[in-house]
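Participant: Chain by chain, the residues run as shown.
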Amino acid sequence: MNRKAKILIADDSEINRAMLSDILAPDYEVLEAADGEAAVACMEQQHTEIALVILDIVMPKLDGFEVLAIMNRKGWINSIPVIIVSSETSPSYIDHAYQLGASEYINRPFYKVAIRHRIENTVKLHTKQKHLENIVAEQILEKEKSNMVMVDILSHIVEFRNGESGLHVLHIRTITEVLLKQLRSTCSQYDLTPARTALITNASSLHDIGKISIPEEILNKPGKLTKEEFEIIKTHSAIGAQMLEGLTHYQNEELVQVAREICRWHHERYDGGGYPDGLKGDEIPVSAQVVAIADVYDALTSKRVYKPACSHEQAMEMILNGECGVFNPLLLECLKEVGDYLENEVKIRSAGKITRDSIHTLAYDAIHSYNVSDRTLDLLEQERTKYQFYASMTKEIQFEYSYESDTLIISEWGAAQAGVKESIQHPLSDATLLAIFSKEDFCDLRERLQSATPQNPIVSQIYRLTVHGKPRWYKWIARPIWGLDEDAPPTKAIGKLVDNEEEQSTLEKLTLQAQHDDLTALLSRNHAHEEIEERLVNLKENKAALLVLDLDTFKSVNDSYGHSYGDKMLRAFAEKLRKRVRNTDIVARIGGDEFLVYMEYRENIEKLVERIFSTVSGNYDGFEVSVSIGAALAPENGVTYEELFLCADQALYASKHAGKNQWKFYDESMKDMLSSDLRNPLNEKKRRTPNET
Amino acid sequence: MTVREAYGKLCGNYEDVSYRINEKMLLRLIGMLLKDQNYRDICEALDKSDYETAFRGAHTLKGVALNLSLTSLAEKAGRLTETLRSRQDNGSIKPAFEEFEQAYQDMQAVFLQLLASSGGDA
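Residue numbers (full-length UniProt numbering), protein chains in the order written: chain A, 1 to 693; chain B, 1 to 122.
No lab work stands behind these hints, which were simulated from the structure alone. Among the clues, some could well be false.
[Unchecked claim] Chain A regions said to be covered by chain B (calculated; three or more residues, Cβ under 8 angstroms): (1) 101–110; (2) 222–235.
[As the list claims (entries may be wrong)] Pairs of lysine-lysine, DSS-like flavour, derived with a Cα cap of 27 angstroms: (3) A:K61 / B:K9; (4) A:K6 / B:K9; (5) A:K112 / B:K35; (6) B:K24 / A:K112; (7) B:K24 / A:K4; (8) B:K9 / A:K112.
Even glycine gets a Cβ: it sits at the ideal position worked out from N, Cα and C.
The following block holds chain A by itself, in its conformation from the complex (with noise of 0.2 angstroms):
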């Protein structure tokens, strides 16, 4: 990394920002803070790229002491220098400072040379040290990694003399780490730490090393071995724990103490029913019980050579009803617990696990000592340029949440977008950001993150923004982040937000073509049905009437001039009744030639449909074309849709019946000429119910 080291200076007196900031800015890039909030917030950002803070003590917000605090919480004063710049010159203060790991207490007025002297030897010095961590780190790293490469080689050493699949010590790998992270979020009786469960986990590989003493016949033997035979197998836990006790200079080694424990005792029994010392109940360590239940489970769930694979269930219903021995039974609900998902985990993990194992072991052990190297270091701020790369041309709003420091820092580019600033202190009370996304939705979003889980943690919801002054739709895709330990809470939250304003609008589109006729772009009969249903019960002192509509000679256009001019007429018609009528009527195409008015009116309703009828009739391109109508109106003839439509319908097969070219209100005399008609057979037209299209 060339780029100048940043400083952070927290002082919240512009004056004396502006003179350190002189002083420092040739050398360093400096940020600047007015408050002990805004120190904090601008470390959470950035503090794996500070190289030193300068610290006021009396600020507005937080003051220094409670920024050190928090340094000191959240680890960051073992990675960032802390040079206390003050006028206070009681020694209480200074012993404060000292106290919460300031490394340096300056008082004013400084001098410019000193001060940059002061501060360039911090800076040196920490790098220095850092560099040295560096060096252990790697050290550490490396060994861990040829430990477990040696553990490896050697536990599929065994594995290739027992003649099993190669698959046995991986799963009592994966078994083991199951039923020890069952019991951790169960229990805290055993004391199970993420390390000492990665650690356990590693040794297990180790259960079976005293079977390397045990001739292949008896280990091999396809039979039922004999008293004799299964006497001289039993040894092999005693002779396992031996062969470690044998290594004269890693006695102490953490893993060779566990990986004996392991080896000696995973045959014991709860109750004291097995061997070799027939220890009873927790004399068993926890290690050696986790790891006997993981090695029965796969021994019956493997193939060997003196037996076939028994499924998942038998194998549970065995181990539980205690046809394999007795265990704690603690651990007996905890398999219970996980059952399903070590079936699927068992599968899932048989390949390539091991390498990812490891990396997921060195990574913790890498983290949880804080020496963090600078190749890690390198790696992440290439993270991070590439995800700020892609965050950019995404054009989507991401943003990350972090629940310690109720921050939301939001990309560069979303911030840009939603016109809000990069890093909000105290979301859900920061009016800008209300202004933009409602609380209402914040609290609801909060809630559903809230019940996510590390099965099942994707959260995704439709809101309504308001940005820059108008209203849009965004569609938020969320997840929380758990640390390493995934029973502890969510450390923070991320996600972004996708403009769903166009995908919003195309389901209006589509909603909107469905209630209209695709030829004439009229309502269509569903659409129209509804519409006039609701106005109907809104009806007050209005009359309305309901009017169908038929050409009388539609079928021979189409027959003689084709489908095509067909259409072509049935669109100017539509277009001229449209044109006829008034905005709150209703006008709607209900089938090949036949169309629908609703109208609302006070009186003289003749008038009305009169000039409907006259004004549709008439020559369309040189072809006449005559109309039957039939009208009935509320509420004389009815007051629902159903009831309406069935008196027009008849009146139009009365105008039919009288001619054509007419229109006619329905009357009672009309009431049985369609049912009547409907048994004959030769009726010219079929007629349908109102609801049938």
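Following the hints, put chain B in place on chain A, whose structure we already have.
Facilitator: Quick look at chain B alone, frame taken from chain A:
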């Protein structure tokens, strides 16, 4: 008026400040000091008996004055700071504030004159 003369009038330590800060920067800092909010904050806070804010303001101005080697102003700000350290009303606040106020107003008057004669507020 020169910077040296201004510091003379204000009982500041010109030797010290000119050793630490070059003149151009110093004029810039003086310009910033004339726009500084802390004095107003202290006055308002004392009116409202908000001793926490008053303490912080006095403390900050003490630091600023020290940085600029305005020895006399720093002393007075320092004394006011100490009377406010308990964050409680007491008899010594008023006299300390009055002394400080006088020194601050002197500083403003002299520096305004200085900037006017040095051609602008840097």
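Participant: Does each hint hold? Answer for all of them.
Facilitator: Structure-based check of each hint:
Counting residues of the region 101–110 of chain A whose beta-carbon sits less than 8 angstroms from any beta-carbon of chain B gives 3, enough to reach three: the coverage restraint holds. Look at the region 222–235 of chain A against chain B: 0 of its residues bring a Cβ nearer than 8 angstroms to a Cβ of that chain, fewer than three, so the hint is violated. With a CA separation close to 37 angstroms, the supplied pair K61 (chain A) and K9 (chain B) exceeds the 27 angstroms bound. Taking the CA atoms of K6 (chain A) and K9 (chain B), the gap is near 40 angstroms; set against the 27 angstroms cutoff, the hint is violated.
Using a Cα cut-off of 27 angstroms, the hinted pair K112 (chain A) and K35 (chain B) holds, with the two alpha carbons roughly 24 angstroms apart. At roughly 15 angstroms between alpha-carbon atoms, K24 (chain B) and K112 (chain A) fall within 27 angstroms of each other, so this suggested pair holds. Proximity of K24 (chain B) to K4 (chain A) is assessed by CA-CA distance (about 25 angstroms); at most 27 angstroms being required, the pair is judged to hold. Proximity of K9 (chain B) to K112 (chain A) is assessed by CA-CA distance (about 25 angstroms); at most 27 angstroms being required, the pair is judged to hold.
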